[in-house]
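In the order they appear, the protein sequences are chains A and B.
Using our numbering, read the first sequence as starting at 1 and increasing by one per residue.
Using our numbering, read the second sequence as starting at 1 and increasing by one per residue.
Note that these hints are calculated values from the structure, not bench results.
Treat each hint with caution, since some may be false.
Said to hold, decoys possible - Below are the DSBU-like pairs computed for lysine-lysine, each with C-alpha atoms no more than 35 angstroms apart in a straight line:
1. A:K79 - B:K66
2. B:K66 - A:K45
3. A:K99 - B:K66
4. B:K14 - A:K45
5. B:K64 - A:K79
6. A:K99 - B:K20
Just so it is clear, the structure is predicted and the values come from calculations on it, not from any experiment.
This is what each chain is made of:
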Amino acid sequence: RKEVEQDPGPFNVPEGATVAFNCTYSNSASQSFFWYRQDCRKEPKLLMSVYSSGNEDGRFTAQLNRASQYISLLIRDSKLSDSATYLCVVNSAAYNTDKLIFGTGTRLQVFP
Amino acid sequence: GAVVSQHPSWVICKSGTSVKIECRSLDFQATTMFWYRQFPKQSLMLMATSNEGSKATYEQGVEKDKFLINHASLTLSTLTVTSAHPEDSSFYICSARVKGQRSSYNEQFFGPGTRLTVL
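Between the sequences and the hints, there should be enough to build the whole structure, so can you do that?
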């Protein structure tokens, strides 16, 4: 089983739609969670950290469910510029390490 | 702030040659830098963790004699792909963690990547 699993998509949605991505992680001891965005042939860029209480940044809302080992990202009012691959990222839970484990990403395509 | 640069951005080389990729933190000091590799349509895979002034820690399956890492200063780490072969063609990305940042916070700042093509 992969440490971080995501639906690869693609999710094709019209502008203005709300879309949600899910991610599961296998190691219950993981401490830090992130969503990164990666455009084609570019490096990943941090979109937002995910906190236990859930957090929102503009049109983006992230949720964490530790009991189910599940992370979500909700994008409201999708824009064409939101088209990208969204990477679910979890820190390695091994002692004294700060490795990040990346999911394979979920591809979003927003169309006019 | 927190800008990481990589050089070169792309490189094409013949099989058997060695290629050096530089990763620099431009406006902060980074005690730890990470080297990743990403094949098409796959996730980023960590190759090694590089700590300033000490030997790099390689992930399982990554040959340390083939991928030489040097982290000589708090702002520079280099990855040398020795005797490159076509199967080494990939997107190599480095990242850096800010010195003094709690490891539990764990945010990493990524370089723009280096696309290596080995003919």
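### Query
Among the hints numbered above, which are violated by the structure, and what are their numbers in rising order?
Numbers 1 and 5 - these are the hints that the structure violates, sorted from lowest upward.
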